[in-house]
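Novice: Chains as they are written, first to last, in this note's numbering: chain A, 1 to 231; chain B, 1001 to 1891.
Hints were generated in silico from the structure; no laboratory data involved.
Source: prediction; values computed, not measured.
Glycine residues also receive a C-beta, built at the ideal position from the N, C-alpha and C atoms.
One or more of the hints may lead you astray.
[Stated by the list, open to error] No farther apart than 30 Å at their CA atoms in a straight line, the calculated lysine-lysine pairs in the BS3-like style are these:
| id | chain 1 | residue 1 | chain 2 | residue 2 |
| --- | --- | --- | --- | --- |
| 1 | B | Lys1771 | A | Lys213 |
| 2 | A | Lys203 | B | Lys1620 |
| 3 | B | Lys1088 | B | Lys1620 |
| 4 | A | Lys176 | B | Lys1808 |
[To be verified] Quick partial rundown of chain A residues pointing at chain B, CB under 7 Å, derived from the structure:
| id | residue |
| --- | --- |
| 5 | Val22 |
| 6 | Gly97 |
| 7 | Gln167 |
| 8 | Leu215 |
| 9 | Thr217 |
[As the list claims (entries may be wrong)] Beyond 10 Å from chain A on every Cβ pair, some chain B residues (computed):
| id | residue |
| --- | --- |
| 10 | Arg1050 |
| 11 | Leu1131 |
| 12 | Asn1336 |
| 13 | Met1489 |
| 14 | Thr1493 |
| 15 | Asp1553 |
| 16 | Ser1574 |
| 17 | Lys1675 |
| 18 | Pro1677 |
| 19 | Ala1679 |
| 20 | Val1681 |
| 21 | Val1709 |
| 22 | Lys1733 |
| 23 | Trp1736 |
| 24 | Glu1741 |
| 25 | Gly1826 |
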Amino acid sequence: MSDKSTALIIDDEIQIRRLLRVVLEAEDYRVLEAETGQQGLSDVALRRPDVVLLDLGLPDMEGLAVLKRLREWSHVPVLILSVRDGPEDKVAALDAGADDYVTKPFDSAELLARLRAIQRRLPFGTEDPHFQSGHLAIDFNTHTVTVKGREVKLTATEYALLKILAQHAGKVVTHKQILREVWGPNAESQSQYLRVYMTHLRKKIEIPDAPEKLLKTESGIGYRLILPSQK
Amino acid sequence: MTDNTRPDPDALLAELRQEASSNRGHLTVFLGMCPGVGKTYTMLQYARQRLREGVNLIIGVVETHGRSETEALLEGLPVIPLRSVDYKGVTLKEMDLDAILQRHPDLVLVDELAHTNVPGSRHPKRYQDVLELLDAGISVYTTLNVQHLESRVDIVHQITGVTIRETVPDSVLDRADEIQLVDLTPEQLRERLEDGKVYLGEMAQAAAANFFKFENLAALREMALRFTAERADHDVRNVMRDRKISGPWKTGERLLVAIAPDAQAESLIRWTRRIAGELDCPWLAVYVEPNAPLDAAAQEQLTRNMSLARQLGGDVIVTSGQDVSEALLRVAREQNATQIVVGKPMRSPWLHWLTGRSPAYDLIRKSGYIDVYVVQPEKQTPREQPAKRLFFSNIPTSEFLLAGISTALVTGLALLIEPFIGYQSIALFYLLLVVAAGFKLHRGPVLLVAAASALLWNFLFTEPRFTLYIDTFHDAMMFVTLLVVGVAMGHLTSRLRQSEIAERRRERRTAALYDLAHQAALAPDLDTGLRAAVKLIESLFGAQPALLLRSPDHTLSDKPHPASSFSLSEKEKSVAVWAFGHRMPAGKFTDTLPDSEALHLPLQARTAVMGVLSIRSPEKSFDLAERELLEAFAALIGTILEKDHFIEAFKHAEIIETSERLHRALFDSVSHELKTPLAAVQAGIDALSRQIGAEEERQATLREIQAAVQRLHRVINNLLNMTRIEAGVIQPKLDWCDVAELVQSAADLAREGIAERRIVIEVDREFPMVKLDQALIEQCLCNLLLNAAAWSRPGTRIVVRAALDQNKLLLSVLDHGTGIRKTDLGHIFEMFYRAPESRPGGTGLGLAIVDGFVRALGGSARAANRETGGAEFTLEIPVETMRADVIRELA
Chain A
1 MSDKSTALII DDEIQIRRLL RVVLEAEDYR VLEAETGQQG LSDVALRRPD VVLLDLGLPD
61 MEGLAVLKRL REWSHVPVLI LSVRDGPEDK VAALDAGADD YVTKPFDSAE LLARLRAIQR
121 RLPFGTEDPH FQSGHLAIDF NTHTVTVKGR EVKLTATEYA LLKILAQHAG KVVTHKQILR
181 EVWGPNAESQ SQYLRVYMTH LRKKIEIPDA PEKLLKTESG IGYRLILPSQ K
Chain B
1001 MTDNTRPDPD ALLAELRQEA SSNRGHLTVF LGMCPGVGKT YTMLQYARQR LREGVNLIIG
1061 VVETHGRSET EALLEGLPVI PLRSVDYKGV TLKEMDLDAI LQRHPDLVLV DELAHTNVPG
1121 SRHPKRYQDV LELLDAGISV YTTLNVQHLE SRVDIVHQIT GVTIRETVPD SVLDRADEIQ
1181 LVDLTPEQLR ERLEDGKVYL GEMAQAAAAN FFKFENLAAL REMALRFTAE RADHDVRNVM
1241 RDRKISGPWK TGERLLVAIA PDAQAESLIR WTRRIAGELD CPWLAVYVEP NAPLDAAAQE
1301 QLTRNMSLAR QLGGDVIVTS GQDVSEALLR VAREQNATQI VVGKPMRSPW LHWLTGRSPA
1361 YDLIRKSGYI DVYVVQPEKQ TPREQPAKRL FFSNIPTSEF LLAGISTALV TGLALLIEPF
1421 IGYQSIALFY LLLVVAAGFK LHRGPVLLVA AASALLWNFL FTEPRFTLYI DTFHDAMMFV
1481 TLLVVGVAMG HLTSRLRQSE IAERRRERRT AALYDLAHQA ALAPDLDTGL RAAVKLIESL
1541 FGAQPALLLR SPDHTLSDKP HPASSFSLSE KEKSVAVWAF GHRMPAGKFT DTLPDSEALH
1601 LPLQARTAVM GVLSIRSPEK SFDLAERELL EAFAALIGTI LEKDHFIEAF KHAEIIETSE
1661 RLHRALFDSV SHELKTPLAA VQAGIDALSR QIGAEEERQA TLREIQAAVQ RLHRVINNLL
1721 NMTRIEAGVI QPKLDWCDVA ELVQSAADLA REGIAERRIV IEVDREFPMV KLDQALIEQC
1781 LCNLLLNAAA WSRPGTRIVV RAALDQNKLL LSVLDHGTGI RKTDLGHIFE MFYRAPESRP
1841 GGTGLGLAIV DGFVRALGGS ARAANRETGG AEFTLEIPVE TMRADVIREL A
């Protein structure tokens, strides 16, 4: 029934579409396909998918153009799927309104995890003030942060930093977004603030010999707070 | 309406500019009234104090003259040895300016500011060396006697009878940040003299006795004290101005002194300087260019006068005009001069009228509200005085000959036709002769013709004949008129001709500049334009020009441009390099290295110096107007070169942009074609994996396919990266990185390839942030890790180390593997190079990519074998580190 999520794949390569369909349907998604950008846009308007997977190298329009047009009237979560792996491409897409970015060839498990993450309607903390991931727990009401049960003292800035990452846990948050949220709109180009504070935060949050780090750096793009099911 | 209480905005601006230039060195002058007061001693005392405070100082040159107490103070102070200069077979020692510049201490001691350097030194005078040191940011302590001040030379001569030749312009002392007066009473000084503690220099015994007379010493001391007081006053006013305290401001006086090409002008200029110093007001010197060109001696004197005026801190204005007083008044009004200084006329009014030079009288008459100072100039100092030749200077004898011959001819003719037309008409003939002469000859010959005509007419044609008496009144009138008209005619026509010549000269100069602009600037290409410029200079000045252009690395090119007409010797090239670096003219006719062969003018454009124009002119020297024209040429050529440079740069940028875009498009397309099928395979594997369930054998098969796909992916990435490197389009994107984080990401990237080997990351926790291209370095480290893993056995450790060496980041990857064979070491970073025993399946690109990426960041990659076994790869990259204070501020 409509318990299933609908995913729209916009990609001109038929092989990719077929295989994605297999992967997604295995996870109980209903799958729609579009071959061109134009078709993709009208499909989003008419069929109202819950999530969109968008390729950048489309025959009729640039993927980014599709994204920008889409964002003019829709907030549907968009996952970019592309061979282009340069940080500039990724940042450009994320700034244009994409919610996450996966490069081809991709790991299906990773893809599915990110899809799930971007489909979350509300950021963590809006309905339930408690957040947890691995050994980290945050109470948004009381502003307390615990690591393995022990409380950790964070400065106001460090807390704000952690909060925005936690609210978007599982998704990548660009440098620009973080700077804007934590330091204000004038600080968008001051990446050194971010680096320094991330280092401080890491020292307080991460466990030195843990197999997986919680705060993952997406080179050249931003940061991601990992949720347990993700890699 | 001037407000006398408010600070003058111009002056405030000058103050600000002075502040801005405060990265110049600090100049402290130890001033004394005469030799022997102990200036050097005091300077050394202060220097020792500075040394104790930890200031980095050295001694440039200090003259102890054998005095033991002074020498004792020298102990322990670091010295730069003097350099030896050969001059006419004698070896002399001079301060080593270049060594000091290279050493670049905080403070240098330079004794005897007024010293003249040996010819062959960079600057003729030591104070110019000091100015260069100050410009380079080195502070200077120096000593000076007040008698060496340019503006005081006359007074000292008056007081002591000694003419001081080694002088220092007052402008240098205006530059001084501090003046320490070293004072002694005359009695104390005489005591020292008797004790033999005073060094007298080249002064003969007699002159010395004269010099050190009591009255002289007292007068000199007063002069020194007064100078210092004036200075202090000046400083106070400056401070008040700084703080905008309204004080007793002067009502804006401005002095104007008229300079003529004679020696008298020198003392006028000095006088003006002194008064301007007392009134604390600006002053300017004005030269009115006459229509007649000056002879060489006068030209030289004029140049001397003008540079004296400049040295003493006055502005120099050159104007032209037939009437000197009119021109002076015009300039005075334009420049808001309140007082004009002229010299007392030395010659009688008659001569003034005849020669047309009577500035003082006219000036006084027409000056209106401007005050006129008429100053008795100092008696001529025994410099060479050009002999005054009023009528007969540089007029070729041929003209006089012509005058004589034509007069004789006309007389002959007249004698022949006299019976027919009568003697009175003959006078008119003579008159015509005079007029004709006025068109052709200079004033002297014309006057000669006039006088001769009148006298001949009188002698030969009036009654009584063959006498100089005149019988009738008519004839007498005729005679007088003939004489007067002839003289006036000669005077007028020659003046007319001269002004015409001057006009044509000016016009030629303007036309030359226009020509250059037209030909050179609008030439189809740079070379044609430069050739045209060179030809123009050759024809206009009769000199040989050579052009040295700026090379792409912003130094002066070694080879002159092919359009040049002579090639430069090594010595000349070094002078040109100096002119280029200091943006100032150098060489012949300048203050710097004046015994060079050629004059070197920097081609100064708006943003940079584009090269040097060297002009060789062995015979003649250039007068003022020609110098100015040459400098204008140089500036114009500089602008042309600059324009060309910008056009090139723009074209280059366009090409790069286009090629980048093309490359990007191609790259994306190829990338897409390679990776899409790969993505399909990968997705297929994932799908299949879910479908076949937990069956172990099939899962194992799938894992093999998976591994192959990943390997293929890595190879494709390597190939794509290699094409980026080969195309040279890598633009590093620098951003602040945490090195530990960077290394960790690289390790994550390489994860599958380094399975079963432990990675140890040795990065200091307090490692500062560095500016790097994160993606590039990650890839490099990843490749290095994969390489290390490929060559070491499972279970061994791979260590990654980071260190900072000044502004270089050192990243090392160390393994415990088999090490690198000697024969491979040299080739290991080459594209597609694979060591003979390497495992099959690699592309040989991994290390080549590391090398390529690191180079794009301006760094280098090295490989070496470790003593304890295994290999060590080190990346050395120049980086900017985040300053510790910034980090603290952000914490």
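Novice: Would you mind confirming whether the straight-line C-alpha gap from A/Lys203 to B/Lys1620 stays at or under 30 Å?
Specialist: Judged against 30 Å, a Cα distance of about 79 Å means the pair is violated.
Novice: Check the non-interface label on B/Asn1336: least C-beta distance to chain A beyond 10 Å or not.
Specialist: holds, 49 Å
Novice: Would you check whether A/Gly97 satisfies its interface hint, that is, whether its CB is within less than 7 Å of any CB in chain B?
Specialist: With a closest approach of 21 Å, the A/Gly97 hint is violated.
Novice: Tell me if the interface restraint on A/Val22 is satisfied: Cβ within less than 7 Å of some Cβ in chain B.
Specialist: With Cβ-Cβ at 4 Å, under 7 Å, it holds.
Novice: Say whether it holds or is violated: B/Met1489 keeps its Cβ farther than 10 Å from all Cβ of chain A.
Specialist: holds, 83 Å
Novice: Take a quick look at B/Pro1677 and tell me if its Cβ sits farther than 10 Å from every Cβ on chain A, holds or violated.
Specialist: Given a closest Cβ separation of 7 Å, the condition is violated.
Novice: Does the no-contact call for B/Trp1736 survive, Cβ to all of chain A over 10 Å?
Specialist: The claim breaks: B/Trp1736 does not keep its Cβ more than 10 Å from every Cβ of chain A (closest is about 4 Å).
Novice: Would you check whether the claim that B/Ala1679 is not at the interface survives, using Cβ distances to chain A and the 10 Å cut-off?
Specialist: Violated: least Cβ distance 4 Å, not greater than 10 Å.
Novice: Beyond 10 Å from every Cβ of chain A: is that where the Cβ of B/Lys1675 lies?
Specialist: At roughly 4 Å from the nearest Cβ of chain A, B/Lys1675 sits no farther out than 10 Å, so the non-interface label is violated.
Novice: Against chain A, does B/Val1709 hold up as non-interface, every C-beta pair farther apart than 10 Å?
Specialist: The claim is violated: B/Val1709 sits with its nearest Cβ about 7 Å from chain A, within 10 Å.
Novice: Quick one, is the A/Gln167 hint okay against chain B at 7 Å, beta carbons?
Specialist: Violated. Min distance 22 Å.
Novice: Is the nearest CB of chain A more than 10 Å from the CB of B/Gly1826?
Specialist: holds, 33 Å
In this structure, the earlier hints numbered 2, 6, 7, 8, 17, 18, 19, 20, 21, 22, 23, 24 are contradicted, and the remaining ones agree with it.
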